[in-house]
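Place chain B on chain A using the hints.
The chain contents come next:
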Amino acid sequence: MSEQRQREPKGIDPEYDHLREDGVDEERLESLLSEYTLRRDEHENAPGFVIRPDDVQEVLALLRDEAGFDHLSCLTPQEYEDRYESILHLTKYANRTHEVTLVVQLPKHEPVCQTAEPVFRTADWHEREAFDLVGIEYEGHPDPRRILLPESWQGHPLTLDYDQEKPQVVSYTEHANPIQPDHREAESDTMFLNIGPHHPATHGVLHLETVLDGETVVDVDPDIGYLHRCEEQMCQNGTYRHQIIPYADRWDYTANLPNEWAVARAIEDLADIEVPEYAQILRTMSVEFGRMLGHFLAVSTFALDVYGDFTAIFQYGMRDREVVQDILEDLTGQRMMFYFFRLGGVAWDLPEPREEWIEKCRDFLDELPSKVDEYHDLLTGNEIFQLRTINTGVLEPEVAKDYGCTGPVARGSGIDYDVRRDDPYGYYDELEWDVVTEDGCDNHARVLVRLREVEESAKIIEQCLDLLEDWPEDERTVQSNVPRTLKPDAGTETYRTVEIAKGELGVYVRSDGSNSPARFKIRSPCFHNLSALPEMANGEYVADLIASLGSLDIVLGSVDR
Amino acid sequence: MVGGYATAPLQNGDTILLPERIGELTGLDGFGVGGELLATFLAAFVIGNLMLAMTGVAGPWAKRKITAAFTDRIAVNRLGPGGIFIILADAVRLLSKELVVPENADRPAYDLAPIVVAGSALLGFAVIPMGSGVHLADPEVGLAYVFAVSGIASLGLVMAGYSSANKYSLIGGLRAVAQNIAYEIPLVVTGMSVVIFAGTLQMSEIVAAQAEPLVSFAGLDIPRWYALVNPFAFVLFLVANFAEVGRNPFDTPEAPTEIVAGYQTEYSSVYFVLIYLGEFLHIFLGGGIIATIFLGGPAGPGPAALGIVWFIVKIWAIFLLTQWLRSAVPRVRIDQLIEIGWKGLLVLSFANLILTAVIVGVLA
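The listed protein sequences derive, respectively, from chains A and B.
Okay, so the first sequence: first residue is 1 according to full-length UniProt numbering, each after it adds one.
Okay, so the second sequence: first residue is 1 according to full-length UniProt numbering, each after it adds one.
Misleading hints may appear alongside valid ones.
As the list claims (entries may be wrong) - Capping the alpha-carbon separation at 30 Å, the derived lysine-lysine pairs in BS3-like fashion look like this:
1. A:371 - B:343
2. B:65 - A:371
3. B:167 - B:343
4. B:63 - B:167
5. B:97 - B:63
6. B:167 - B:65
Keep in mind the hints are simulated off the structure, nothing from the lab.
Remember, it's a predicted structure, so these values are computed and weren't measured experimentally.
Just chain A, same shape as in the assembly:
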């Protein structure tokens, strides 16, 4: 068991995960927001300002235009005993370590807040989710529907007085009927088409309500929530020490390991847990293998969408993914739900014999360049593939930022943003690697980014392997000492993000002094990347809608949580 492997911590760099030296200039912010600030609020990750509910748009516009906070990373709604809170976590695409938190406190009897949607488009889906799960209403919101739960759901599951036992008795007539015989308006010459929830190209249970004019997409509205499990509440019911990280494996289940880090990072920040340097290297290496899993699957399923059948390129992706899975199976004992991360480190050291395992990894890395060449030969170099992907599904960088897109989707639009480098954690800033960007803004650019990122991951892993191989045997501490029952101070709250295969995965945690979180909020990159789909697909052919959806690389487990 992991606990038995605990030894005296050695080689711990306490400041390692908390590099904040070039943080935001608080004094300047304070003077900028002086007119709007009711009082200050304490957040572990960023300066917090409490503002009035009807100042939201003004403050956001001010922060965006005057201070450069152009990334609304997350919106956390929550209910206290005496009030509601809607917390906006802002940061900059150009400088991730500059963070600011706006707290909007709302009265218990009337939780109504001004919408942030006119300033940041990404607030649209954030606020729909906040209304859906917590019941906060956003005044002026253009589309105040539920998003994850069915339209007919009664109550808001994350409120304090929500009765989980109460059955949701809703007659069928109260549901919107997706197969009603006629969606056609008189005089209209468009066709309504349900793409999904059971459709070969939706990669899971996604429903696209599409309006077609011939073969052209007039409107597309993603309908999500089919895989909603209220992971946030499940995490709130679990204890910090062991019961939350396993859930993270269930969000983005195609590349699970990076998710675990998001939880670990947030809780470690909350409870001031230190991570030994050796464990950081293990984390970094395993997460990059995890990223490869995700990218291989992303590229091969995108090929599936464009090619139309289980083709060679899909199988190539599966073939290479299999090798990575074998490697991770040796490392973690699992093939899918790895649960390799523990608070304060990882579960195990490398499997014995170490040399053999390292050799296996090196063999894979040695073969990787020729395999990536195969992808380029068969996929990106193919003229028909280029015909299909170049200049289709165009996502301009400004639009991508507005929708809060991150990860390969943002980097395919030329946005140089990667949390691994911009807000360093783990061992990333000790290693030599590059953030990949492409300026194409189209489906082709996103595929190229993923293929090049696989090579960057390989670089990182190679350096980690060298470090692990030479690490002195008596300093291989895989976990620091973490109390069995973890009770962070009541009232501490933090929002931390990591870069997973799909983008920026954020976790907000607030402690109430017990050993499980009072509020646990997940910011899923897939959720926000998907919200940009209409921008990419409207006016394009239906074939390009499918291709654009594939190039976003969403995982419904992560979208719906």
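Coordinates of chain B only, in the frame set by chain A:
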């Protein structure tokens, strides 16, 4: 019958068709028109079953094995040598499935469509000389006939598309029509260039015209196959043919992942089998036409009795090519497909026609 390329298996004038041979062998030719008719039915039965048997091998087994070879897999390997008996298992499986008919389906059309799709392809084989005397009929307008009947399939696709009462089917059916119109013209025009060479529409004559040696060196005869005489036409015809049978990179009418399965979305059980059968038959018919008018039909080394073997080898080579493309080439978008058809292939096919006329003129 000492073989070699020089021996044409179906010499002009003394062509013996399969019905006549069956009539002779069984003595049916003594029974007047009735006997002749029966002999013809028997011959059609033989040829139809030959083609259906090939499809039976291709669909459940060969396609799997070929695709697996392209994609680093093993595919079926449990039943019999190389998994060949999966054919039987699949036949039972497919036939025993429930036939689900959509509530709003337009019944006669919905039921007829699979038969039209499968039947039209079978009709085409009637005029194709397969060598070794397997040749049902040899009308003077053979080539025109074969294009005409294979064109009927589009009708079946439209019927399937609209009668299923499914929007994906509808889109698939519309795509199928647009595609077939766009590619049938270049196909026929390119086929005409062969007619200019051969001076006839009769299939046996076209084959016979390819039997003469084009050049010969070191005692080896290079036959006058039109694929070698005019490779440009051959490539054009191949491309148009892939669109005609709806295979990658032109499989937009089905477009799995895009419009689910196009016109065949709502078909299950036996109807599904029939539609699939029709598709495979069309691939084979396309291969048969290509083999006949570009690859010398049943010609090949060895005795002329081996003609049917060579013919089947050629058909399967074309089939293999479609499977290769399916595994390796992406699908073009519908607008790109139409553009390639009207702006590219059509122009090129007319250019080819003129080129052919010039070549023939110079040679003459």
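Assess, step by step, whether the Cα of residue 97 (chain B) is no farther than 30 Å from the Cα of residue 63 (chain B), and give holds or violated. 21 Å, holds
Just to be careful, I want the Cα atoms of residue 63 (chain B) and residue 167 (chain B) compared with a cutoff of 30 Å; is the pair within it? 29 Å, holds
Holds or violated: residue 371 (chain A) to residue 343 (chain B), with C-alpha atoms at most 30 Å apart: 37 Å, violated
Do the alpha carbons of residue 65 (chain B) and residue 371 (chain A) lie within 30 Å of each other, as the hint requires? OK: residue 65 (chain B) and residue 371 (chain A) at ~23 Å, within 30 Å.
Would the pair residue 167 (chain B) and residue 65 (chain B) pass a check requiring their Cα atoms to be no farther apart than 30 Å? 33 Å, violated
Run the distance test for residue 167 (chain B) versus residue 343 (chain B): straight-line Cα separation, threshold 30 Å. Cα-Cα ~29 Å, so holds.
The structure shown violates the earlier hints numbered 1, 6.
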